[in-house]
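Enquirer: Please build the complete structure, drawing on both the sequences and the hints.
Protein chains in written order, with my numbering: chain A, 107 to 336; chain B, 107 to 336.
To be clear, the hints were calculated from the coordinates, so they are not data collected in a lab. Some hints here could point you the wrong way.
Since the list gives no way to pick one copy over another, a pair counts as held whenever it fits inside one copy or between any two copies.
[Claimed, not checked] When the alpha-carbon atoms are kept at most 25 Å apart in a straight line, the in silico DMTMM-like pairs for lysine to aspartate or glutamate are as follows:
(1) Lys-264 x Glu-223
(2) Lys-211 x Asp-161
(3) Lys-139 x Asp-187
(4) Lys-256 x Asp-142
(5) Lys-139 x Asp-292
(6) Lys-302 x Glu-233
(7) Lys-211 x Glu-297
Treat the numbers as computed from the prediction; the structure is a model and nothing was measured.
Given next are the chains, with one letter for each unit.
There are 2 protein chains.
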Amino acid sequence: MAILHSYPFCPQSRFARLVLAELGLEPDVVEEKPWDRRVPFLEINPAGSLPLYIDDSGLAVAGPSCLAEYLDETRGEDLRDRRFLPQELGQRVEVRRLLDWFLVKFHGEVSDYLATEKIYKRFMPGELGGGPPDMGAIRAAQTNVRYHLKYIGFLISKRNWLAGDQMTYADLAAAAHLSVVDYLGDVPWNEDETAKLWYARIKSRPSFRALLADRVPGMAPADHYDNLDF
Amino acid sequence: MAILHSYPFCPQSRFARLVLAELGLEPDVVEEKPWDRRVPFLEINPAGSLPLYIDDSGLAVAGPSCLAEYLDETRGEDLRDRRFLPQELGQRVEVRRLLDWFLVKFHGEVSDYLATEKIYKRFMPGELGGGPPDMGAIRAAQTNVRYHLKYIGFLISKRNWLAGDQMTYADLAAAAHLSVVDYLGDVPWNEDETAKLWYARIKSRPSFRALLADRVPGMAPADHYDNLDF
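Expert: Here it is, written out as structure tokens:
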């Protein structure tokens with residue numbers, strides 16, 4: 107039985123959950139607090155990063171982009187025209203460009219700040235960095251999210267999905283990261299109707315249901331969080 | 107003719123230069139200052155990241171990990187047993203884990219801080235963040251590099267190269283990033299003889315020569331920087 111080590115509000119874990127659900131894979135899920143640095147977890151994944159997927163054969167695949175490549179190599183060809191990393195070279199380059207955009211750039215400029223400051227710090231022990239949020243970091247992320255949203259709107263104004271005609275890893279990565287920001291009410295959807303329609307489309311997929319059911323204890327989501335017609 | 111947009115002391119650019127040299131590819135090189143954000147450059151690569159490789163057909167490949175995947179897909183099979191992303195699934199997972207380690211983690215904890223604070227800021231205009239280095243960031247990076255060096259030593263004590271029997275992208279990424287830190291004299295080589303021997307081995311490859319010839323105007327490298335028997 108495969109195992110997914112993940113954390114409900116870790117955007118990188120959410121990307122893994124979406125991709126696995128889209129592929130019909132249902133691993134056992136182990137909740138791993140990103141700040142915990144449990145020794146048995148670090149022994150498998152010294153980087154301490156999430157997600158960590160352990161396949162049926164015991165092979166450990168750490169981190170969102172490595173998991174995306176692994177799943178493409180092991181299952182991609184069977185998906186044929188709904189492969190999340192399409193066959194054609196130019197499309198693969200474009201999907202990876204945007205995958206990197208959301209998994210690294212958006213994470214570093216928006217979702218990591220917001221998840222850490224607004225969610226993780228509520229549960230972290232003080233000696234590991236828990237406590238009140240850093241308002242400067244939150245404001246920076248809230249400013250940064252605006253140009254990312256505009257970029258999504260720009261891409262979707264020219265294409266059906268972020269990287270082209272079909273839904274790819276790029277859409278799943280963007281939506282996974284945005285979903286955490288959206289829980290917190292920090293996506294200014296009214297600034298970009300095109301981006302909003304794209305998100306409504308991806309959010310209504312069955313793979314999204316589990317994410318929309320997650321709750322931070324003691325912290326309600328934004329009103330529209332689990333509303334498919336927001 | 108292929109083109110590589112890069113910056114001599116950008117560690118991600120150095121990874122691209124090493125990989126391309128190992129493959130015998132000699133693109134035209136365009137120097138791109140990471141802080142410049144030139145509009146014609148951003149039009150090709152909106153993320154503004156380096157390296158940016160434009161192949162003979164005009165396909166633009168941005169960022170170090172996308173370039174690694176692109177080169178594997180277009181040239182990997184011809185390399186057979188000296189492929190930098192080996193054929194076998196478990197090895198590919200291990201190479202990508204370590205590639206991510208150096209291109210993202212080491213970059214975020216060590217090489218980006220040191221390159222930015224000690225080199226880029228000397229040349230950046232003040233309004234873009236130029237000026238005296240942030241000593242706190244430098245000290246943090248100097249502390250962090252020690253455990254990365256120890257991890258390299260740990261891996262090399264069990265394997266011939268970082269990810270296994272053969273040299274892979276993992277070695278080229280680690281060496282590219284370390285080479286910038288080494289120019290600055292900030293690698294505590296005396297703390298890990300095993301890591302040092304691995305670096306001496308990779309540094310003596312012909313692909314490394316161009317890197318060792320680079321100089322920061324007005325800033326000499328550490329004494330041993332271009333000494334192959336340091």
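Enquirer: State for each hint whether it applies.
Expert: Hints and how they fare:
Taking identical chains as interchangeable, the C-alpha atoms of Lys-264 and Glu-223 are never at most 25 Å apart, the minima being 35 Å within one chain and 39 Å between chains. Taking the closest pair of Cα atoms, Lys-211 and Asp-161 come within 25 Å of each other only across two copies (24 Å); inside a single copy the shortest separation is 28 Å, beyond that limit. Proximity of Lys-139 and Asp-187 under a CA criterion of 25 Å is satisfied in neither setting, with 36 Å inside one chain copy and 40 Å between copies. Within a single copy, Lys-256 and Asp-142 get their C-alpha atoms only as close as 35 Å, which misses the 25 Å cut-off; across copies the closest is 22 Å, which meets it.
Within a single copy, Lys-139 and Asp-292 get their C-alpha atoms as close as 23 Å, which meets the 25 Å cut-off; across copies the closest is 33 Å, which misses it. In this homomeric assembly, Lys-302 and Glu-233 never come within 25 Å of each other (Cα to Cα): the closest approach is 39 Å inside a single copy and 35 Å across copies. For the homomeric pair Lys-211 and Glu-297, the shortest alpha-carbon distance inside one copy (21 Å) is at most 25 Å, but the shortest distance between copies (33 Å) is not.
In summary, the numbered hints that this structure violates are 1, 3 and 6.
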